[in-house]
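A.B. asks: Full structure from sequences and hints, please.
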Amino acid sequence: MNQLKPAISAAILAAMLLVTPMAYSHSDSWKLSENNNSVILAQTKGGDAAKAGDVKIEFYGHMAFKITSPDGIRILVDPWRNDPSGAWGLWFPYEFPAVPVDIVLSTHAHFDHDAVYRPRATMVLERMTGQFELGDVRITGLADKHMCKSKGWYRWTDVATEFKQEFCPPDNPLHMDNFIQVIETGGLRIAHWGDNRPLPAGLVDEALQNVDILIMNIDDSSHILTYEDVDAALLRYQPRVVIPGHYYTKGANSILSTLSTAEKWVGRQQDVIHLKTPELVLNPDTVAPLKGRVYYFGMHHAKD
1 MNQLKPAISA
11 AILAAMLLVT
21 PMAYSHSDSW
31 KLSENNNSVI
41 LAQTKGGDAA
51 KAGDVKIEFY
61 GHMAFKITSP
71 DGIRILVDPW
81 RNDPSGAWGL
91 WFPYEFPAVP
101 VDIVLSTHAH
111 FDHDAVYRPR
121 ATMVLERMTG
131 QFELGDVRIT
141 GLADKHMCKS
151 KGWYRWTDVA
161 TEFKQEFCPP
171 DNPLHMDNFI
181 QVIETGGLRI
191 AHWGDNRPLP
201 AGLVDEALQN
211 VDILIMNIDD
221 SSHILTYEDV
231 DAALLRYQPR
241 VVIPGHYYTK
251 GANSILSTLS
261 TAEKWVGRQQ
271 DVIHLKTPEL
281 VLNPDTVAPL
291 KGRVYYFGMH
301 HAKD
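Each residue of the sequence shown is one higher than the last, beginning at 1 in my numbering.
No lab work stands behind these hints: they were computed from the structure. Some hints could be false.
Computed list of lysine to aspartate or glutamate pairs in EDC-like fashion (alpha-carbon distance at most 16 Å, straight line) [stated by the list, open to error]:
hint : residue 1 : residue 2
1    : Lys56     : Glu228
2    : Lys149    : Glu166
3    : Lys250    : Glu263
4    : Lys264    : Asp229
5    : Lys303    : Glu95
6    : Lys264    : Glu228
7    : Lys45     : Asp83
8    : Lys51     : Asp177
9    : Lys51     : Asp71
10   : Lys56     : Asp71
11   : Lys149    : Asp177
12   : Lys250    : Asp220
13   : Lys291    : Asp231
14   : Lys151    : Asp71
15   : Lys149    : Asp171
16   : Lys291    : Asp271
17   : Lys264    : Asp231
18   : Lys303    : Glu279
19   : Lys51     : Asp285
20   : Lys149    : Glu162
21   : Lys149    : Glu228
22   : Lys250    : Glu34
23   : Lys51     : Glu162
Keep in mind the model is a prediction, meaning the values are calculated, not measured.
C.D. replies: Structural data, given as C-alpha cells:
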C-alpha cells in the first residue's frame, strides 16, 4: 500500500491541474528576446513630462491600460490573470497578451490586476509608492486602501469572514491595500484608480485634485464602486476626461467574473464619445476645453 501512495498523490495532483484554471504567476524575464535599449535611450535623452504632446491610451480589457508617451515610452497598468488558486473561478478566457512594454505597474495584489510577469517588460513597478521618472514620463504612486465593503449585488467582500481576515483598515492584509498611479506625460496628468476606496486619505485626495484624465471602476454591478461613489469622486476631482474600466468586456472577461457593462452609467452622461477602436490619442489642446467628457471603449479591447 505504501508503494501506491506516490502514484495516488501524482494522480490527485494531475487531476487538480486539469480542473484548476492556470495563471501566469512567475517571471520568465530571462527568456525575453527584447532588451533595455529603449530605456537606455530615454535615460540618456531625458525629457520633460510637462511638455505638450500626443499621448496614446489603449484598453486591454478589465482595468488594464497601456499609455504611450510622446517620446514612445510604453507603460502598462494592471495586467490581469485568473486566480492561481482557482478559488475565484474563471474570470478571463485567455492569458493576458505578451505585449512588449518598458514599464509595468500594478495597483494592488489581486489576480485581476497583478499579472506583472505576463507582459514582455523591461521593468516592473509593483504597488509603487513615491516618484519615478524616466525620459518624458513621471509616475507618482499614492498609497491608500482598497474598497473593503462591497455594495453591489455580489457582496464578494463578505468572504473576509471565511478568510478570517479584517478587510478594512487599519488592520487589513496587504491585498486590501491599493496604490493609485498618476502618470504624467505629454503635459497631461492621468490617474489610474486601481480598486481604491471611494474617498482616499488626505494626502492622496489632495494629489488627485488636478488630474486631467481619471480612469475609474465603473460597472452596473457596482463590483468596486457604486454610481454614487463614482459621481461623488468626479464632482470632487473635476477631471476633464473620464475613462471607465473594470467592467464586463466581451471577449476579455468571462461572465463568471460577475461584472456588468458600464452602459447604464454611460447612458446617463451628457458628453460621451463611444470609441470604435481600443485606442485613444489625447493631448493638452484636445483636453483643455473638456469638462468631464467620457471616452467609453465599450467592448473594444486590444489583444496584442
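A.B. asks: Are the Cα atoms of Lys149 and Glu162 separated by 16 Å or less?
C.D. replies: The given pair, whose Cα atoms are some 15 Å apart, holds under the 16 Å limit.
A.B. asks: Is Lys149 within 16 Å of Asp171, Cα to Cα?
C.D. replies: 14 Å, holds
A.B. asks: Between the alpha carbons of Lys303 and Glu95, is the straight-line distance 16 Å or under?
C.D. replies: Cα-Cα ~10 Å, so holds.
A.B. asks: Taken at face value, is the distance from the CA of Asp285 to the CA of Lys51 at most 16 Å?
C.D. replies: 12 Å, holds
A.B. asks: Does the structure keep Lys291 and Asp231 at a Cα separation of 16 Å or less?
C.D. replies: The given pair, whose Cα atoms are some 14 Å apart, holds under the 16 Å limit.
A.B. asks: Is it true that the CA of Lys250 sits at most 16 Å from the CA of Glu34?
C.D. replies: 31 Å, violated
A.B. asks: Taking 16 Å as the top limit, are the C-alpha atoms of Lys264 and Glu228 close enough?
C.D. replies: Holds, because 13 Å separates the two Cα atoms, which is no more than 16 Å.
A.B. asks: For Lys51 and Asp71, compute the direct alpha-carbon distance and say whether it is at most 16 Å.
C.D. replies: 11 Å, holds
A.B. asks: Decide if the proposed pair is consistent with the structure: Lys45 and Asp83, CA atoms, cutoff 16 Å inclusive.
C.D. replies: Distance ~40 Å between Lys45 and Asp83 Cα, so the pair is violated.
A.B. asks: For a C-alpha distance cap of 16 Å, please report whether Lys151 and Asp71 respect it.
C.D. replies: Distance ~42 Å between Lys151 and Asp71 Cα, so the pair is violated.
A.B. asks: Taking only the CA atoms, is the gap from Lys149 to Glu228 under or equal to 16 Å?
C.D. replies: 15 Å, holds
A.B. asks: For the pair we were handed, Lys264 and Asp229, check the Cα-Cα distance against 16 Å.
C.D. replies: 15 Å, holds
Of the numbered hints given earlier, the model fails hints 1, 7, 8, 14, 22, 23; all others are met.
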